[in-house]
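Here's the letter readout for the chains.
There are 6 protein chains.
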Amino acid sequence: MKLALMTWPEVEAYLECSKGIILPVGSTEQHGPMGLIGTDALCASEIAEAAADMAGAIVAPTIAYAPAPFNTGFPGTVSISEQTFLALVADICDGLSAQGFETVYVLNAHGANLAPLRDLSERFHPCGIHIRSWWDFEPVNTLRRSLYGSWEGLHATPSEVAITQARFRVVEPGAAAVPPRQLNPDEIAERAGDRHGSAEDHRREFPDGRVGAHSALARPEDGERLLNLAAMLVAEDYREILGEP
Amino acid sequence: MKLALMTWPEVEAYLECSKGIILPVGSTEQHGPMGLIGTDALCASEIAEAAADMAGAIVAPTIAYAPAPFNTGFPGTVSISEQTFLALVADICDGLSAQGFETVYVLNAHGANLAPLRDLSERFHPCGIHIRSWWDFEPVNTLRRSLYGSWEGLHATPSEVAITQARFRVVEPGAAAVPPRQLNPDEIAERAGDRHGSAEDHRREFPDGRVGAHSALARPEDGERLLNLAAMLVAEDYREILGEP
Amino acid sequence: MKLALMTWPEVEAYLECSKGIILPVGSTEQHGPMGLIGTDALCASEIAEAAADMAGAIVAPTIAYAPAPFNTGFPGTVSISEQTFLALVADICDGLSAQGFETVYVLNAHGANLAPLRDLSERFHPCGIHIRSWWDFEPVNTLRRSLYGSWEGLHATPSEVAITQARFRVVEPGAAAVPPRQLNPDEIAERAGDRHGSAEDHRREFPDGRVGAHSALARPEDGERLLNLAAMLVAEDYREILGEP
Amino acid sequence: MKLALMTWPEVEAYLECSKGIILPVGSTEQHGPMGLIGTDALCASEIAEAAADMAGAIVAPTIAYAPAPFNTGFPGTVSISEQTFLALVADICDGLSAQGFETVYVLNAHGANLAPLRDLSERFHPCGIHIRSWWDFEPVNTLRRSLYGSWEGLHATPSEVAITQARFRVVEPGAAAVPPRQLNPDEIAERAGDRHGSAEDHRREFPDGRVGAHSALARPEDGERLLNLAAMLVAEDYREILGEP
Amino acid sequence: MKLALMTWPEVEAYLECSKGIILPVGSTEQHGPMGLIGTDALCASEIAEAAADMAGAIVAPTIAYAPAPFNTGFPGTVSISEQTFLALVADICDGLSAQGFETVYVLNAHGANLAPLRDLSERFHPCGIHIRSWWDFEPVNTLRRSLYGSWEGLHATPSEVAITQARFRVVEPGAAAVPPRQLNPDEIAERAGDRHGSAEDHRREFPDGRVGAHSALARPEDGERLLNLAAMLVAEDYREILGEP
Amino acid sequence: MKLALMTWPEVEAYLECSKGIILPVGSTEQHGPMGLIGTDALCASEIAEAAADMAGAIVAPTIAYAPAPFNTGFPGTVSISEQTFLALVADICDGLSAQGFETVYVLNAHGANLAPLRDLSERFHPCGIHIRSWWDFEPVNTLRRSLYGSWEGLHATPSEVAITQARFRVVEPGAAAVPPRQLNPDEIAERAGDRHGSAEDHRREFPDGRVGAHSALARPEDGERLLNLAAMLVAEDYREILGEP
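Residue numbers (this note's numbering), protein chains in the order written: chain E, 1 to 245; chain S, 1001 to 1245; chain C, 2001 to 2245; chain L, 3001 to 3245; chain Z, 4001 to 4245; chain D, 5001 to 5245.
Quick caveat, the hints were computed from the structure, so don't treat them as lab data. Since we're looking at a predicted model, the values are computed, not measured. Among the clues, some could well be false.
List time: in silico SDA-like cross-link candidates among lysine to any residue, alpha-carbon distance up to 20 Å [claimed, not checked]:
#: 1; chain 1: S; residue 1: K1002; chain 2: D; residue 2: R5219
#: 2; chain 1: S; residue 1: K1002; chain 2: E; residue 2: D53
#: 3; chain 1: L; residue 1: K3002; chain 2: Z; residue 2: A4166
#: 4; chain 1: D; residue 1: K5019; chain 2: D; residue 2: H5130
#: 5; chain 1: C; residue 1: K2002; chain 2: L; residue 2: E3221
#: 6; chain 1: S; residue 1: K1019; chain 2: S; residue 2: E1240
#: 7; chain 1: E; residue 1: K19; chain 2: C; residue 2: T2142
#: 8; chain 1: L; residue 1: K3019; chain 2: Z; residue 2: A4166
#: 9; chain 1: E; residue 1: K2; chain 2: C; residue 2: P2220
#: 10; chain 1: C; residue 1: K2002; chain 2: E; residue 2: E224
#: 11; chain 1: E; residue 1: K2; chain 2: C; residue 2: E2221
#: 12; chain 1: D; residue 1: K5019; chain 2: D; residue 2: R5167
#: 13; chain 1: D; residue 1: K5019; chain 2: D; residue 2: L5005
#: 14; chain 1: S; residue 1: K1002; chain 2: S; residue 2: R1167
#: 15; chain 1: L; residue 1: K3019; chain 2: Z; residue 2: T4142
#: 16; chain 1: S; residue 1: K1002; chain 2: D; residue 2: P5220
#: 17; chain 1: Z; residue 1: K4002; chain 2: L; residue 2: A3166
#: 18; chain 1: Z; residue 1: K4002; chain 2: L; residue 2: E3221
#: 19; chain 1: S; residue 1: K1019; chain 2: S; residue 2: A1115
#: 20; chain 1: E; residue 1: K2; chain 2: E; residue 2: E152
#: 21; chain 1: Z; residue 1: K4019; chain 2: L; residue 2: L3147
#: 22; chain 1: E; residue 1: K19; chain 2: E; residue 2: P69
#: 23; chain 1: E; residue 1: K19; chain 2: E; residue 2: S97
Extracted from the complex, chain E is given alone in its bound form (with noise of 0.2 Å):
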């Protein structure tokens, strides 16, 4: 049930049962010669609506812009700063909790908005806020790793490439169909906490944008189990969280 496509006695009806929402975050930037601009976006989006239907919870907008300064050396990449995108947070959850929300359950999508989200879940909110992204869940990473192995990579990866393809769109690898550079494991160490350099470097070091990650092994196939599996963790966790059977 997506919040955009109630009426507000429908809320209020909700409301009389259940305090508790989903809020997808993504971003609106480049996923590699063959992934999509809203890669992120989209897949909080989906993810998030199939764990609502599952638990009957309510999802409200997706928010699609986000911080992502590292990636603005291509083009269709837009970056808003980290303060903008917390004011924006942080209102969006006071003006869900003003509405009686009591558990605002954020599905993240993209790896530079969990420093400034866990900083919004450190200061006083009325309501809960609980932070996850989709890949929180180990058999979603045994998932992943048993479909790609070492070639999903940190960006552009086949999973949230085969996600989109799932639902949107599939592009034709083109040049895409080489695999990128493979990370080393200390790469891969130094990146996972998703520091990055400045735009030009991060353009020099991958020129296509892909991240250690092949994009082209997705599939759609690949991106519908994924989802699924992915959402019925979702709903799991949330329905555990707001205490429902």
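Following the hints, put chains S, C, L, Z and D in place on chain E, whose structure we already have.
For chains S, C, L, Z and D alone, kept in the frame of chain E given last:
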């Protein structure tokens, strides 16, 4: 063409031919007992996409959250501060400008956005910002009047309800089958400036959220026609601003 | 993934990763004046397929014919003997086992199948047979109660009607708009064991086929929610049995 | 009209006008590297439903499991014993007869079902049982020959593959692009009687499951045409048997 | 197969196997308050295409304009002269004949076309012209009678309305819920010859355009059945004329 | 809004608000080895319907048969005489005029129709006849040139092929992948007047039917864009002619 569904090489190719982009802006607020919470964001998105198809333009992700303090007395309304809204639009415009977009055509669907948006367009920006609401075009208003006469009203209007019916969902009127109190000309003049009292006053005065608008007259076929007409006029206007043939 | 829609090399590849399969079992019998003859087979099939998508499992073709002697007083009911039913399920399980499937997860939707199925699982089989009905999961029953209270009843229940409405067909209630006789707790206890009298007695006692169930309360949206919830719980249970993460 | 999607009062009304029903019978067995496991059940179901729409008849749920011992050397084949198969069909015919159906038109799509089905029709039954395979109609075979000539072969034929392509799924040929060994007339005559050796012999002789059939020639458009033609002829035949105009 | 959607090499290949083509002929005239202006053209097109799919034939573009002078008292009727109609059909048949088509099967759906069409078929033509109306087949009329009895009437019949409902649009009956004046046998005999008075007389006598036909009895399911039956009989008839098996 | 899908009371209501109607005119003739026989009729219909949706207009049934004698050397072309074509259009315009339509906007898609159509518009008519071809609008031609440059050619152009690809069918290029002989400026000037030699000469000179047009460059996405742009310009033009705002 939605930016979210393009790859970065596709955006790069587009920027070689055109420097324009359309940015839809809506709200997340009550629209009466049979109108959808997302009415404004949905109208802005749909008209923008249809216009972009006609004009060969790109559409950026919709801004769905906006200031709507006077409507917070109704469940489901999520209002953010004018300051946050302004920071978000400014950051997005700066981000688009940094990518080489020279013209941002803001397509608005929520009256209360106009004051902050005008504020924004008056400041210095490296790119040109053009602000239009979908009711800025006279043929659209002629059609609204010919369809609903004075029952169009000011909020939860049959026209905006009809547009969402055409593309998303038709809600049974229920209690909304009873016409709302009709506004007199003085009230219309006074409120047309989008000045509103407190949330409590607003709900007291308009108990079910409709402001002089008889939403139950809406029909999906009307919405399809309104949407197509508005899109055609937006496309013309956009092409004229960009100096395209 | 339906077995019927796979090729043999695809089944071979699947068996290298997993040894489990889901086998839906229903019936072909009356479900009151607005419920479908295939209600049980349709519910079993749909829940099994949704669960299989979540768990990455295969679904075998549904067993649609089953024993239902007590309902043969109503046109359209096709009842087979317990002996034939048992032989069929046993042959299928043996056939699956011969192909290397080690776990057959029988998803049942017809109460009268339980006695013969239990009989089957107690005999020696080279593969493990796990029998579940879709109402074996407590959260599903909580949702059924919260939707329909005591009007859920025992046969042609609004829950099963709602699931078929969500995916197949909505029949106008007609005479079923009138509530059936409500069962008292003693009757419920007595009948819950799926013990039934003769076809004649059954029709005399429940002239339109509903057993304490007010089918007309069913709504497709409820069905979608019940189906998703049941599928999620079946997927979890299946993965736990198979020892998958 | 599928029996599974009717209510009992609808079946009652039907029986006042007509006493006939169509019962599709298939199998669950390998159909070569690009044919579907469910090919026979899917062909029987689709032709039966299209014919029923033309003739105004009811279709009973498809019997998807059947004897196919010679194909058990290929993953995914599920073979049941002739005895169980016979008991199942007999019970269903008796069940239909008990409801007042006087003519059961069995539409078969699996050669190995013919011996047990003939056995059945020779015994005493209160209702008339008429057994047809979809290739019993000469115009269908003319079309098969005109489309595929001698490459039609005997198992995993391009015709049956084409029918499933038209309605369910098109599998890329892969290795099946290479033609199979072509059968000589003696082999065809010998095998046409559906006599088969052991599963091991069968797989040794036909290593990828195709028996003289070049499945890769199948095209969905051909399938649509075959399906429509077969359905038309079945509908004619059914109406003639029932003595309907 | 629609001629309009084929390429010329595809037509060339077709002509090597078959020399037949189906030409649907309708009208553009009122069909009562809930029947569509295009009823006849739509019925002819749909039945022709379904029959062509069964018989493997080509369908030429539909002739939608025809003589209907008696109906010009109702808005939307577009009547052309018999002379123009005749010239058009003759030119098309000559054009088809010049391409090598030897049999033109005219499928008619408008009574007033019959006189000029018969006129045409009696002249010399290099190709054979066979004229059929979809109600020329006895089983179709049996079904019409069994569905609507004497309420079938002569114009805006529930049967033709039902066929357009099945494929195009269902109009709410509104005032057409009230039955029309029922014709007596003498009137039926007199009018069956498609002899009509002036437009003014016709409208005076049948003020809402229905001629003894209770259009509001139409249901899309009936239309689907009528369409399938008529198509099957047309396909049979066409194949017989062409001497195809 | 298609006239064929309206009822007469709906046409009556329309005529109270507007007196205009759009009449699409095409042809039935070869369009090269990968273009459809119905290309012109399909382009005219689709552009007319999209424009009508934007302008709130009615579309009359398409005239699909037209004079095309020079193309009769290619299978599938059906050519009628200029005289019959003229009589048909004149009768239809008179018929529309008799119903109260005052403006008939003829949307043409076949060059050879222009001479007879101009002839028609010069005669006396009670209604105004306005003739446009979809390539009469400069922005459309700018887009055609920008997409295909000089490969657009004169017949079976990638633009018209692309429009039919967007809505109907994509044919594999096959032999059409080889570019046709490119026309020199003199030839273009000479032929642009739609003067053609005999059918034999025409086929000898352009053996596969393409006239300087490289159809294989067509893409459905281009067609969608061409269609939308042409429709927008037709809608504008139509509204201006009718004096609607």
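Under the criterion that the straight-line Cα-Cα distance not exceed 20 Å, is the pair K19 (chain E), T2142 (chain C) satisfied? Within the cut-off at roughly 18 Å; holds.
Holds or violated: are the alpha carbons of K2 (chain E) and E2221 (chain C) at most 20 Å from each other? 14 Å, holds
Next pair to validate is K1002 (chain S) with R5219 (chain D); report whether the Cα-Cα distance is within 20 Å. Holds, because 19 Å separates the two Cα atoms, which is no more than 20 Å.
Measure nothing beyond the straight line between the CA atoms of K1002 (chain S) and P5220 (chain D); if it is 20 Å or shorter, mark the hint as holding. 17 Å, holds
Next pair to validate is K1019 (chain S) with E1240 (chain S); report whether the Cα-Cα distance is within 20 Å. 13 Å, holds
For the pair supplied as a hint, K4002 (chain Z) and E3221 (chain L), is the alpha-carbon distance within the 20 Å limit? 13 Å, holds
For the pair supplied as a hint, K5019 (chain D) and H5130 (chain D), confirm whether the alpha-carbon distance does not exceed 20 Å. 13 Å, holds
Does the structure keep K2002 (chain C) and E224 (chain E) at a Cα separation of 20 Å or less? 15 Å, holds
Between K19 (chain E) and S97 (chain E), is the straight-line Cα distance small enough, at 20 Å or below? Status holds; Cα separation ~9 Å.
Would the pair K2 (chain E) and E152 (chain E) pass a check requiring their Cα atoms to be no farther apart than 20 Å? 31 Å, violated
For the pair supplied as a hint, K3002 (chain L) and A4166 (chain Z), is the alpha-carbon distance within the 20 Å limit? Within the cut-off at roughly 18 Å; holds.
Can you confirm whether the C-alpha distance between K5019 (chain D) and R5167 (chain D) stays at or below 20 Å? Not OK: K5019 (chain D) and R5167 (chain D) at ~29 Å, beyond 20 Å, violated.
Against the hints set out earlier in the document, violations occur for numbers 2, 5, 8, 12, 19, 20, 22.
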